[in-house]
Structures are given as structure tokens and as C-alpha cells.
Amino acid sequence: MKLLIFSASTGGGHKRAAAALEDTIHRLNPEVEVTVVDGLRAIGKMYDTTTVQGYYFLVKNAPGFYGEMYDMTDRKNLAYKAMMKINAAQANKLLEVIEKHNPNVIIMCHAFITAMVSKLKSKGYLKNVKTIALITDFDTHRSYIAPGIDAYVLAEPQMAHKLVEEYGVDESIIYPLGIPTFEKFSKPGIKEEIMRREGLSPDKTTVLLMAGSFGVSGVLKVYENLAASNKNLQMIVITGRNGKLIEKLDECIDEVGARDRTKLLFFVNNVEDYMHISDLIVTKPGGLTIAESLACHLPMAIYNAYPGQEQYNVKFLLRHNAAIVVDEYNAAEEITKLLKDTERLAFMRESCRQLARPNAAEDMVKLAKQLSGVEVTEKEAQ
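Heads up: the sequence shown begins at 681 in my numbering, then just goes up one per residue.
Just so you know, the hints here were simulated from the structure itself, not pulled from any lab data.
Treat the hints with care, as some may be off.
[Said to hold, decoys possible] Simulated restraints, written as ranges between beta carbons of each label pair:
id, residue 1, residue 2, range
1, T715, N772, 40 to 48 Å
2, D883, N808, 56 to 64 Å
3, R1033, K803, 40 to 48 Å
4, H706, E776, 22 to 30 Å
5, S802, P882, 36 to 44 Å
6, L1025, E845, 32 to 40 Å
Just so you know, even glycine gets a beta-carbon here, dropped at the ideal spot from N, CA and C.
Please model the complete structure; the sequences and the hints are all you need to start from.
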């Protein structure tokens, strides 16, 4: 079987989901030929730059407007029709990529690519190709829905109601398998060994701050107040590739006298280790970050959710008691209160465990095989 996965760079989640699928296939299904392509980039530099940079500009500089547009295009109106028409018009530019790889199954990790693939199917180009739309958030959007798609994979089961009742999707093609994550998130190492290797104390309560998307001032305020108000707290701060932020945080650590209880990190490739050893994560509510935290059974303190899909992700987490919401003014107080309430924290951890979908990637590969008529092994079927 040949599998083509289309990712995109509008946020890291689409690419991480695609990478987790690719890793699972290489590890468990080496007979499957898999290729991952950034679909927006394949269409052309101008379209990719406009879409990706436009997204980042709006969510950072005009989040309220972005949220309004997100909600507006979730309804059948002129704005929605114009958006879908613009994306469908790019469909032929994907055809060369698809014909080059000649897949049996295409998995789309972005709504715009789903619209393009749907257009190609309507033109009769993909008669023998099965298509799967993967929704990488904990709520869905009308832009993911397009004619001719063979399967929709959802992050969680309750999302199916919206697809059926609001979008008219046939329930038989809906699969709430979860968002694919790397196996390492659901297979923890030995906590004491990780702590010792990282120079951390296994006897201290540990909070992980994923700071890369916060901007500078917000996370500085959260860290500063938290470090000052709880002297027994051990903190891990990961800034991503934000050079300005790590410099500011480094100065702040000395100012609050917390050098001996803070581990400050730039970009890392083993974020799962830090999730596994933490008692709480302070993070933005991106779909993949949530899925990875759930896989680690790690309760969340959500900070700075953008309007649109992130706010809907928060509603899901609050509904299932897997997170609290904080801001830079009350974060230290609310986090400290939660950490002291060990019974509530344990309940949240159990909620995360129940929500986790550790086999999502494997189940998606199995679904791809079933749709394309490839025999599923007895081990896979179990």
C-alpha cells in the first residue's frame, strides 16, 4: 500500500500529526510506502506564504478578528463559499504531487487540502484513491467538510454530533480514533532516572511551562509570580526557538533567585520526558499539545487561548475536567491552589488518562488499509 500524507505549516500540530503517523508506519508497517508532503508549500510559495504568514499575523495581531472569521466561515454563507472556492481553485496544483507518488490512500491533515482533494475527486482524477480527513483539534469546522471524502478521523467521539447534525456527514464514515501522537508520549520512562539525568529533584512538585507561543511579556509574568510565590516549586521552562524569550527568562531567574529550581531550555527533541516527570503543564491549547499531554496523563493550566479552534479546545478540556484556565494576573495563585489540592489534581490526571488515545496512529493506519482493501493482520485487528 502507498500512503500519501499532506501536512501544513499553519501551526506545528498538522506537521506533528503527520510525523507521528509516518513514525508509526516505519515502526510497525514497514511494508507500507509512506510519503509526507507539505501540501500548502507544494501548491506554490505565494499561496503557502500568504496562508501561513496570514494565519500567524491574524492570531497574534488581530485575534478577535481571526475568531470572528473562524466562526463566520463555520456557517454556510458567502464568506464560507468564497474561502472554499479559493482553496478548490488550487486543486490542480496538487495533482502533479499525487500522480508522482501514485498513492492508494491520501490523508489530509489540513482543511484547505481536504477541499482541494475533494475537488480533484469530483473531476474524476482520483477514482481509485481513498481519502481520509484528519481533524487536528478537539472541535471541528465546516471547512473540513467536502464531498467525496471517504473518512473523517476525529480527536474525540462527541465531535461526531456536529458533523452529523450540522454538516450532514454520514455517520458511517466518521471515526473518532484520536489525534496521532508519537509512541514515546504514551510510554513513559522511569521518572527517577529522568529526573536524575536532567538534574532535577524527584521530591519536588514540578511544573512544565511550554512558553514558545506565549510571546515574551506574558510568560515572564507567569514565571516570575509563580517562582516568587512558591519557593518549593520546581519549574521546567521550554521556550522553543524564541531567542529573545530565553534571554529575558534567564535574567528573570536570577532576579527572583530561582536558579536552583528552574531548568530553562531552548528547543528540545525530548519534550515527552519533561511531560512525564511533571505534575502540571502550563501551555497554549493547540490540538497536538493537548493530545500529547493527554497521552502523558498530564493535567493542563491553559494560558492565552486564541479565539477560534483554541478556545473550542479549552471548552472540551474544561468539560472533561482535564484543565484549568489562567491568565498572567491569576496564574500563580490558581496554579498553587491546584497543586495543593492533591485530590483534584489526581482526578484531573485520571480524566486525562481516560481521554487519551494512545493508539490513534496505529488505528489510522489500520483504517487506511481497510479502505484500500489491504488485508489487516490478526495482530492489527486486535
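Hint check against the structure, violated hint numbers in rising order: 1, 5
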